[in-house]
Amino acid sequence: MTGALSTISPAETQKAPTRAAVILPWERPERDQDVRAADARLEEAVGLTASIGLVIVRSAVVLLRARRPATLLGAGQVEALHDLVVAEEIGVVVVDARLSPGQQRNLEKALGCKVVDRTGLILDIFGARAATKEGSLQVELAHLEYQRSRLVRLWTHLERQRGGFGFLGGPGETQIEADRRMIGDRIVRLKKELEQVRRTRGLHRSARKRVPFPVVALVGYTNAGKSTLFNALTGAGVFAQDQLFATLDPTMRAISLPSARRVILSDTVGFISDLPTELIAAFRATLEEVAEADIILHVRDIAHPDTNAQKEDVLSVLSGMEQDGMLDSGWHGRMIEVQNKVDLMGGLAAMPKMPGVVPLSAMSGEGLPDLLSVLDARLIAAMEIAEYCLPVSSGAALAWLYRHGEMLERTDDESSVAATVRLMPADRARFELQFSEDLQSGAA
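First residue of the sequence shown? That's 1 in our numbering, and the numbers climb one at a time after it.
Be careful, since some hints might not be right.
When the alpha-carbon atoms are kept at most 30 Å apart in a straight line, the in silico DSSO-like pairs for lysine-lysine are as follows [stated by the list, open to error]: (1) Lys191 <-> Lys133; (2) Lys311 <-> Lys353; (3) Lys192 <-> Lys133.
Bear in mind the hints are in silico, worked out from the structure with no lab data behind them.
The task is simple: from the sequences and hints, build the whole structure.
Here it is in structure tokens:
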């Protein structure tokens, strides 16, 4: 193996039950600027592994001259890794790459311990963190779709029991096929349940539109500080920790802006590079909150050494949602970039002024008023100015305009009230439908 090995002190790892090594297979990129630095990627893999309670006793970058179909790694690298597993009594080797079922099986045989690839690791994290029924269903679906392609590895002890003759398979093949059928049936049931969840969430969104409040969705790379910002703005107690994927399930709260306008703030799951395709599909319902948002806040950890690559990962996922028809093409115009953790960069005074970018520290609160003001201004820019003439008896209509819009001018006489009001387009359409008779009476 090539690359420096780092050792975690016993004080940091004595509480964890299983010793692990984290290995990053690394190919020299054609263009260095297209791929994140190896040390940053390894650090992220170590963080992911530590987040599920494994003791990380070794971590290393393994340079690949060529991808080996059987094991991904070269024979000498596998042998060196085996010696490390034996010497350090390692129970799990995490390979920060996507392994085929055959590669995973061959590595487990060669190393004599459990091998987990990047997809399996992220699925384990999601499985441990999902708190709601929706999140649990999504994780289980992703797990089953991942396991379905690995049944051969799961049932290798039965594969060897080849009884019968001719085209008839033995009990091993029977067990594999039975297991495939059970997994397939369960996947079908889960997809039906998730479809029901999506319909329910659609009803909730319809209800919010009837309230209605604009929706502001927080998106960003995992551990960028979304939940900390969410708590700072709402005063909620959403779990926030310096940990990858600390929160998975979407949380929503109403907040007031400086203009007294109310909006709904939504905290969503963190993005990550090379997110397993199983999870992209399974978490569609969660990401739909972003699709429905009036404003998207892209929260970045501006102090992270790999912040630019993290930004590209988030934008790549959102672009993929657009290609799949989950997100309309105008999402770029609804996005505001929030550069978080400026307290680690010397504070607001050290940050350059850029249009469409709000620097702040969710931890210290520095810059939060600026963000609220920007949200106010963005919403005002999206609003329309309408002029109405209403009978003086239309108290309910006037009260509605005050609650849902911004009254710019009002002129009263003996029989009518002339109102100039700023409204969101959806509110304007709803008002004109709900109070059409009052508007006709006022015009007459």
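Note to self: Are any of the numbered hints broken by this structure? If so, which, sorted upward?
What the structure shows: Violated hints: none; all satisfied.
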